[in-house]
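*Asks:* Position chain B against the provided structure of chain A, taking the given hints into account.
There are 2 protein chains.
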Amino acid sequence: MYLNMARKFAREDLYPAFKPMDADAPKLVDGEVKVHPIMHELYPKMAELGLLTASRPPEVGGAELPLTISNIANGYLMAANASAFGYTGLTIGSARLIEAFGSDELKERYMTPMYDGRFTGTMALTEPQAGSSLSDVATKAVASEEGHYLLSGTKIFLSGGDQDFSENIIHLTLARIEGAPVGIKGISLFAVPKKRISQDGSLIRNDVTTSGVFHKVGWKGLPSIALSLGENSDCHGYLVGEAHQGIRYMFQMMNEARLLVGMNGVSTSYVAYLESLNYARERPQGRPIQSKDPSQAQIPIIEHADVRRMLLKQKAIVEGGLGLLGLSAQFADLEAHTTNEEERQHANLMLDLLIPIAKSFPAERGFESNALAVQIHGGYGYTTEYPVEAWLREQKLNSIHEGTTGIHSLDLLGRKVMMKGGAAVRAFHKEVTSDLEKALSAGVPKDWCDAILQALNATEQLTAHLGKQGQKGDVNAMTLHSADYLELFSTLTMAWIWLKQASAAFGKEGDFYRGKMQAAQYWIKSELPRVRQLAQLCESGEDSYEKMEDSWF
Amino acid sequence: MYLNMARKFAREDLYPAFKPMDADAPKLVDGEVKVHPIMHELYPKMAELGLLTASRPPEVGGAELPLTISNIANGYLMAANASAFGYTGLTIGSARLIEAFGSDELKERYMTPMYDGRFTGTMALTEPQAGSSLSDVATKAVASEEGHYLLSGTKIFLSGGDQDFSENIIHLTLARIEGAPVGIKGISLFAVPKKRISQDGSLIRNDVTTSGVFHKVGWKGLPSIALSLGENSDCHGYLVGEAHQGIRYMFQMMNEARLLVGMNGVSTSYVAYLESLNYARERPQGRPIQSKDPSQAQIPIIEHADVRRMLLKQKAIVEGGLGLLGLSAQFADLEAHTTNEEERQHANLMLDLLIPIAKSFPAERGFESNALAVQIHGGYGYTTEYPVEAWLREQKLNSIHEGTTGIHSLDLLGRKVMMKGGAAVRAFHKEVTSDLEKALSAGVPKDWCDAILQALNATEQLTAHLGKQGQKGDVNAMTLHSADYLELFSTLTMAWIWLKQASAAFGKEGDFYRGKMQAAQYWIKSELPRVRQLAQLCESGEDSYEKMEDSWF
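Chains as they are written, first to last, in our numbering: chain A, 1 to 553; chain B, 1 to 553.
Calculated from the structure, these hints are not laboratory results. Careful: at least some of the hints might be erroneous.
Which copy is meant is left open, so a pair is good if it fits within one copy or across any two.
As a list, the in silico SDA-like pairs of lysine to any residue whose alpha-carbon atoms are at most 20 Å apart [to be verified]: (1) K438 - F506; (2) K185 - E167; (3) K500 - K525; (4) K525 - P387; (5) K525 - A458; (6) K19 - H215; (7) K500 - E431; (8) K500 - G326; (9) K45 - E167; (10) K547 - D447; (11) K508 - E549.
Same shape as in the complex, but just chain A:
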């Protein structure tokens, strides 16, 4: 029911607003951001449909849907209009921080109106001098005698950081309490409202100023702003939870945020794939390569092998990506709700391992997929008359925000596969080998299974090799090829996802299942062989860029 509702709302309300919002970006007028007027209608609708609390427990008014469901519903919403849904996604993320760590007073004052749809929320993390490096956050917080803190500093890249459709905006802000330790251990989390709630309950302006709007390439319906805190030394902020725990709190919410970005990557390439599929079916151009008789009618371009190649590659990326995101959400649900401790630990390991892949694969290969959707449209794809170019622009953000691909490659290799003595890799081994057995009994071709097993073995050997370098303290050598390692592990993971889909599809009648088998074949035969090549590269420690010096460029 929830999925159907999301799909219907995405099609009927969000998608029609996509182009207008893309064409008419928010503006800063007299210090206030004006967004596209249609958001005044869309946001209350999203609240009314229960999107803000779908995954939350009944205590805060939610439906307690599994993440598996709510994230796939989010996929529909983001495919239709990532910017419009962005306000909702950010509000959920911000409210959740207060729900998890805030005092009852903060919950009542801020979380409840956020879940009600009256207030929105944003994340105020990045600063000009501290982009990916949160340990360099310098925004200052000084305790006042009234219990609140006075904040001062500058934050940038606040998505939805200002707009004119909600009563209030709550900035979940990382700042450093005077005298706190340097680095990430001295960072605290604050709720900083755009408008404070006065004694009588009325809203009065807090000392937060929108100092600029970034002109983004995509996601144009969702402003990204620079925010000045405390220009007049009167910016009130309220500590969320305990002092110096800000990064820990953020990290506890990070998995969900990263799954959401991963799902955005999937959605943004999935919708473009469908659009290019539709175009390829309708656009006549050229003739079969073996009989180019110009007196014959032209054929739809889907009949050209190279166009089918581009479509099948897209299908493999986007449907495989959806499978990965669905599975990751399942592990998150299992981790949160199972009563079996062994199962919980396994789910926890799998989720942690898959997160950097689920976040990065749809961004990186999805971007490639989005480019193919443009390519299939030919010259038309290069114009704004067709929607595919917009999704290409939107996708590019996903390799940057919520941790760049480079950071996720270090997360995977430097942390996830090495943690707990390699426990996550063992959990992965168990999953894949068990699925290989199932696949063989389902009838999936043995050479597919063999190829996956070999790639798994090569990956494990490589991981052991790199782990030894780490144990010897040579972190540089261990992580030198982290980008290649992420690509390798993602390619293997996707082969596993397609193995699962092939097991379910094998021998079944019907177009849907036949298509699944072809996409699985494509991935295992055309993409998976890259694992061996990447493993050799990583193991060789090829040092061209390690040795490259600044002045040599």
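*Replies:* Leaving out everything else, chain B in the frame of chain A:
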């Protein structure tokens, strides 16, 4: 002197106009296209500097520079502002058609004012129903008693097809004379002026109407328009050369056009590489991975291995691409000017073979390189405040216009490597093996040379295998993996280019040469191994998309 002039003009005049032209695209006002006013200054300057005739012989007022020089000069100009130079490039291409095939009268009336900078030229090839399929061109030409033809039809995607800064615009137009054979053998070439030259020499409107302006993603300073010919049955066109020879004429100019697009791909990624290199040197963020002490100052991001990886990959793509384009232009110059027939034939084979690679590699891998330039800029790269996103948009066109990458992959595999019994592949073999010998004596590591030789052998074996399928008449099987084959051949070609550069750099002192060696190592160690994997894939005839049916998607 010419290169220095181009570089100076690019920096001082063209580049400052890039952002304004990107931000303020041409508009259709009362049936006429208004372009950015700065073009009224830039175009006469380009004419005055001799850009229009640099490569032309003295008879038409040119300096007869080698293409090797003029195309590299064009690289500077396009790196600075592809749209502004676009008017010039298109005028050169159009005037050359008249120069090569037109009557003396046409030359005097149209070519001369084009080379003088008074008129501009465009290519009117594409029609709505005939994008990549020129054999479906349907624009009609009917001979009049006065010697001209009356044209009627609709053309689209005319770059620079209308503007308000030149006295006149000459559309080199493909059309079909009444009663002509179907297909490409019935297509003729016409010069269709926007304004006809009347008896007294004054210009009067011809029956050509700008019916629309496409809203492109990039190249925004250069309008792409739809043109209606003969809405009032009075569109005069003048036959260029002989009837039914239009495609042949176009093809004779195509190599140069494709080298220009290839150079554009190189320029567009080269300038972005330099910008991201500069950013990486200046942007402090994070700390060394082996000592993350937050009390220490942050380091410039170029010190992070993964950033150096992204920079070196870009360097390998853009400098390798420049090498390839320079070499291709050399073969073109040799073909045109050598008096040694054997040398001429060799140059002709090499040029024909390299064209699809020189056109497509900078577009495809250049796009990847452009995306890395954005990635290095992090969140800032996703904003229009920094220029890298604009070049990413601009680059996307290069895989589409002047033959899509798919078409070039068929050109390479279906035509170039198979023509004259494989003569081009033998010429390539001779070049590469001779350079391998030189490299070994220069001191280039033997394992680099061995890797290239192995890749060359694998490519030749594969080509022979595919050739046999073609000989058996199975064109489908031969061309099924043409996209993979193009990628394979491009990767090998680039290894050869880097081998040449390594031979020249080996053992030399200085930053420039050290950088060249690292980039060569990167390409040969990290990219070249993909050739073996692609060769296996192509040879296997992997049939996932061949077998994929429309309804299974």
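*Asks:* Looking at the structure, which of the earlier hints fail to hold?
*Replies:* Hint check: 2, 4 fail, others pass.
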